[in-house]
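Please put together the full structure from these sequences, using the hints given.
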Amino acid sequence: MSTNKDYKWIGTRPIRPDGADKVTGRAAFGADKNLPGMLHAKILRSPFAHAKILSIDTSAAESASGVLAVMTSADMPDLASEMGEAGESAVDFRDLSHNILASGKVLYHGHAVAAVAATSAKLALAALKLIKVEYEELPVVLEIEDAMADDAPILHEDQFTPGGSKDKPSNVAAKMKLPRGDIDKGFAEADIIIEREFTTPTVHQGYIEPHAVTASMSASGHADIWCCTQGTFVVRAMTAKVLGMDVGKIKVTPSEIGGGFGAKTTVYLEPIAVKLSEKTGRPVKMVMDREEVLRATGPTSASVIKIKLGATNDGKLIAAQGSLKYGAGAFKGSPMAPGCMCVFASYEIPNFLIRGFDVVLNKPKVAAYRAPGAPMAAFAMESLMNEMATKLNLDPIEFRLKNAVKEGSVAAYGPKFPVIGFVETLEAAKAHPHYSAPLGKNQGRGVGTGFWFNIGMQSSATINVNESGSVTVITGSADIGGSRASMALFVAEELDISYDLITPLVSNTEEAGYCDVTGGSRTTFATGMAVVKASKNLVANMRKRAAKTWGIDIDDVTWEDGAAIAPAAADKQPLTMAQIATSAAKTGGPLTASASLTAQGAGAGFGVHICDVEVDPETGKTDVIRYTAIQDAGKAIHPSYVEGQYQGGAVQGIGWALNEEYVYNDKGVLQNFGFLDYRMPVANDLPMIDTVIVEVPNPSHPYGVRGVGETPIVPPLAAVAEAVNNAAGVRICHLPISPPRLLAEIDAK
Amino acid sequence: MESVQYHAPQSLEDAVPLLKEARTTPSRILAGGTDLLIQMRAGVKTPEMLIDIKKIPELTQLEMGADQIRLGAAVPSAVMDENAELHQQLPGVVEGMELIGSTQVQGRATPGGNLCNASPAGDGAPAMIVSSGQCVIFGPNGTRTIPVEEVCTAPGRTSLADDELLQEFIFPAPKPGQSDAYLRFIPRNEMDIAVVGVAANITVDASGTCTAAKVALGAIAPTVVIATDIAALLVGTKLDDDTLAAAAEMASGLGSPISDKRGTTEFRHRIAGVLTRRVIKIAAARAGERLQ
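Just so you know, the protein sequences line up as chains A and B, in that order.
Residues 1 to 749 (the working numbering) are what the first sequence spells out, left to right.
Residues 750 to 1041 (the working numbering) are what the second sequence spells out, left to right.
It should be emphasised that the hints constitute simulated quantities derived from the structure, not laboratory data.
In this text the structure is predicted, and so the values were computed from the model without any measurement.
All residues carry an ideal CB built from backbone N, CA and C; glycine is no exception.
Hints may be right or wrong, so weigh each one.
[Claimed, not checked] One side of the interface only, derived from the structure: several residues of chain A facing chain B at Cβ under 8 Å:
no., residue
1, 619
2, 621
3, 625
4, 739
5, 740
[Unchecked claim] Per label pair, the in silico range of CB-to-CB distance:
no., chain 1, residue 1, chain 2, residue 2, range
6, B, 788, A, 137, 29 to 39 Å
7, A, 437, B, 924, 39 to 49 Å
8, A, 671, B, 769, 38 to 48 Å
9, B, 788, A, 196, 37 to 47 Å
[What the hints assert, rightly or not] The list that follows gives simulated cross-link-like pairs (lysine-lysine, DSSO-like), each with its CA atoms no further than 27 Å apart:
no., chain 1, residue 1, chain 2, residue 2
10, B, 794, A, 129
11, B, 1010, A, 749
12, B, 794, A, 122
13, A, 132, B, 794
14, A, 316, A, 406
This is the structure:
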C-alpha cells in the first residue's frame, strides 16, 4: 500500500537531530534559561472556585524582603471582547487576559489573582502569603447539565446565548446546528434504532514539562521571551495583545518542549513575566509546579453526548441525531464545534441533525488537546457503531465498510472529500492478524475508528548553504514530535544530498519567517511544503549558477545526485553542491532560498484501532493486553516518528478510557493534583502498541503527506470500551472505566 | 523550610548525641527519603534537623541466619529484591517492598522508612507483621525490641520516641510448610498507592491442612488490621473454596476504610475480600512447596 515512487531519503529512519542532546540531558527546556540578575516570580491563586474579588491589598507584599514588584490584573490594559486566531482555535483576548490574572471575579479554584517577583522563588512564595484578598464566595457549578439549568449560578453576567434570551445571561456561550436531509423520515425508515447517552470526564494532556518562561524587557521597551511553546508566533501575538504592545517589540525564542499535545498553544505566564520585568528592569523567570499545571492550565472538556442512530437491516446507516455538550471551563471556547463536525464525518448518512453546546463552568479554561473535541464524539459514535454491528449481526469493520466515506462523499461538515484512505485503513485492520487472533478467558476485543481534519495554515522556511556545501534549514515551527528530522529529509530528497549534511533549526520570531503553531497536525505537511518549495528555489538557483559557470542556458542544466549536470554537454563535469557553494562569491553571492505559503489541501486522516483487554471480574481492573493502531499517513516521511505519533495517541486515549479523570470536591477543589492520583498509564500498564502505516497519498502535498499527530487519539476510547464490553459482558457509556465503576457495571448486569 | 541541618552518623554510637539533640530540635530520621523529601518539599514536614542513617553499618546489613533473618532498617528495597535467599524465606516481605515506587525509587526506599512513615497504605508492614517481624529500636539508653505491629500508632505516627530510631527487623526463619505472600490492589500496575493490601503467612502440614495462619490488611483502617478471626477460621481446614469464601467475607467486613480519590469505602471492602482469598491461596501454595 506504499506509494510506487522510490525515494532516497523520504521514508527512511535516520536518527533525529535533537536525539543525542535529549538523551544526554544537554537539551535546554523551558526552565533551563537563566540570566544575570534574574528574579523569580510566583502566582497567588484563588482558594475558591467562584467568588467576587472585593479588594486586593498588596502593600505588605511589596515591602517584603527581596520583593521587587507585585502585579495584579490592574497592571494590564482593560481589553474589549475581541476574537482572534490562536493556533487552531479562536480566542477572546479579553477572556485570555482575565484568565492570566483574574479581574473582578475568580472563576475556578487556582485562578491566578496576583504575582510577585522577588530575588528568589522562596521569597516570592513567602510574599504571596502577605497579599490580602477579600472574596465574596459564590455558588459553584461544575457539571455541564447543572450549568445549563435555568437556575444555575452564572459565571459571566454579560454572556448571553446567541439566539437565546437577550436579558437573561447564560452559561451556554455558543450553540451549533448541522442538519442534513430529514431525520424524522430517516428514523421512520430505519429497522434498528439505538439511542444512548455517553459522558467523559475532564482530562489533562499530561505533558511532563510544566509551563516555564524567562522574560527580559529592555530599557527601550523591547521584550525577550524564552519559553516552551508549540508556537512562538502565537505567544508573541497573545502577549502583545494582552499587554497592549506591538508584536515588533517582542521576540520569542522557543526552548525544547517536554510535551504539549495542543495545550502549549496559549499563554499563562508570559505576559506576567514581561510586565514584571518591565516593572523591575530585571529578567524574570516563572516555572509552574505540577499542582499549578493541573489546577490552573487548560485540560480538555468533559462532555455529555447523546446519539440516536438508525440503520436498515442491510447494514446501511439511514439517520443519526446527536446532542454534544462540552464544558469549556471558566471561559467560552470548548472544542464543541470540531466535535460536532467530526461526530458523523466518517460515514455516509443521508439524514442527520447535530446540535452542539459550549458551556462555561467553574473549572479551568480548557486548552487544545490532540484532535480537540473529536475523541469524545468518537467515543459515543463508535460505541454505537459497535453496538449496531452486534445488533445487525455484522462484523464491526464490515459494517463500517458498508458506510465509510470515500472520495467524493460529502462530509457531514460540508465539503466533498478528495482522495482519502478510510476504506484502505479499514481493510488493513480487517486483514491484520491481530483482528482474528484467539482470545482467552475474561478477554475481549474492540475496534474504534477516528477521523481528524488536519490543517494547513501559514509556514515559512529558509535554507542557507554553507561554503562547504552543507546546509541549514530554518523554520519557526516548534518541533514537538520529530519534525526537524522530517524537514531535513525533505531537503535531503530535494537537493539529493546526505541527511547528515543538513542541520534543521527552529528559530525565534525575529529570525525565522512567520509560522503558525505546531498544531492541527500541520507541521510536517505545511512547513514541510515550505521547505520543499524553498529547496526547489535553491536548486533552481544552483542550476543558474552552474549555467553561468558553464556559459550555457539554465534549461540545459539539470540537478542529479547533489550536483548540477549538463546532459547535452559531454565536456562539462558535474558541479557538486560543495563546488557551487565554494565558488558562490563569483557566481552571485551566498546561496540562500526561502519560501512562504498558506498551505491548502491538508488531507484528512483516518485511523482504525484494535484493542484487546483482560478484565478481572472480581476487582474491575482492566489490562490492555494487545493493541494495534492502523492509520493513513498519506506518506510517512520519517516512519519512526509517524509510528511514535500513533503509539502516543493510542496511549493517551487508553489513559482517557481507563483511569484518567479530574476528581473535584463539591467546592470545586481538584483532589488529584499530581501524577500519583491523576492516573495516566505508566510503561508496564501497556503492551507494545503495534502500528500499521497505510499510505494513500494526499494529492495536495508534493510527497503526499497527511497530518498524523491527532487522529490516533480519536479511536481508542471506543476501542477500549468495546473490548471491555466484550470481556465483561457490560455496556460502557461513561468514562473512565476505572475499577470501581466497572465493578459496579458488572454487578448491575 | 528555612534551613535544615544534615547529619550522617557513621555508627550507632555517633548517632547518640544527635538523637539526644532530637529531643529538643524538630528532627526526622532520613533513610531512603522517598517519602520524607517529598513531604518536606510539599511543606507537610518541616524538620530542622535530618539524621541520615544510611551510613550506619548495622542498619544496612541483611543477614540470613539458620534461625532468624536480620534486616537492617535502611537496606534498600532493590537489595532485598536481589537476594535470592530472602525471596525463598520471606517472599511476602519482599513483595511488599518491591511494589513500592519505580525502579529508581527501589534503589532508595527502605523497609524501616516505609514502616516509620506510618502510612495506612504502606506496603511493607502487612507482610512484616504476618511473618512475625520484631523491630529493634535504638536510643541513647540502648535497645528495646517490639513487634512490627506496635510501631505504627496512627497515620503518620509511631511509638518511637523523639530520641529513638529503628535499627533493624528480626524475622524468625520460616519452618517447613510455612510461607507468606502479599497482594495489593492499585488501578495501575506500578507507581501507585494501595487501595487495599493484604498479607498472609500460612503453615500447612503434609495433608494440606492449615496448622497456623496470620492475615493482616492494610489501607482499610488507620493502622494495619490483624485479622485474628480469619486466622482462627483457617486453622484446621484444608483451605478449601468454602473456607476461603468465608475468609473473604470476613475480610470484607473488617476495618473502617475511607472513601477518597483512590477508592470508595464499598470498593475497599470488596477488594479486601478478593485479595484475602487470593493471598491465602498464594501463601498456602508456597507453604506446600516448602514441605519437602
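Original post:
Does the structure keep residue 794/B and residue 129/A at a Cα separation of 27 Å or less?
Top reply: holds, 19 Å
**OP:** Kindly confirm whether 39 to 49 Å is satisfied by the beta carbon distance between residue 437/A and residue 924/B.
**Re:** holds, 46 Å
**OP:** Verify the interface restraint on residue 739/A: the C-beta must sit less than 8 Å from at least one C-beta of chain B.
**Re:** Constraint on residue 739/A satisfied, holds at 5 Å.
Original post:
Is 38 to 48 Å a correct range for the gap between the Cβ atoms of residue 671/A and residue 769/B?
Top reply: Holds, at about 41 Å.
Original post:
Is residue 132/A close enough to residue 794/B, meaning Cα to Cα at most 27 Å?
Top reply: holds, 26 Å
Original post:
Holds or violated: residue 625/A as interface residue toward chain B, Cβ cutoff 8 Å?
Top reply: violated, 12 Å
Original post:
Measuring from beta carbon to beta carbon, are residue 788/B and residue 196/A in 37 to 47 Å?
Top reply: holds, 45 Å
**OP:** Compare the distance between the alpha carbons of residue 316/A and residue 406/A with 27 Å, and conclude whether the hinted pair is satisfied.
**Re:** holds, 15 Å
Original post:
Between residue 794/B and residue 122/A, does the CA-CA distance stay at or below 27 Å?
Top reply: OK: residue 794/B and residue 122/A at ~16 Å, within 27 Å.
**OP:** Please test the hint of 29 to 39 Å on the beta carbon pair from residue 788/B and residue 137/A.
**Re:** holds, 30 Å
**OP:** With a cut-off of 27 Å on the C-alpha distance, tell me whether residue 1010/B and residue 749/A pass.
**Re:** holds, 25 Å
Original post:
If you take the shortest Cβ to Cβ gap from residue 619/A to chain B, is it below 8 Å?
Top reply: OK, holds: residue 619/A within 8 Å of chain B, min 6 Å.
In this structure, the one hint that does not hold is number 3.
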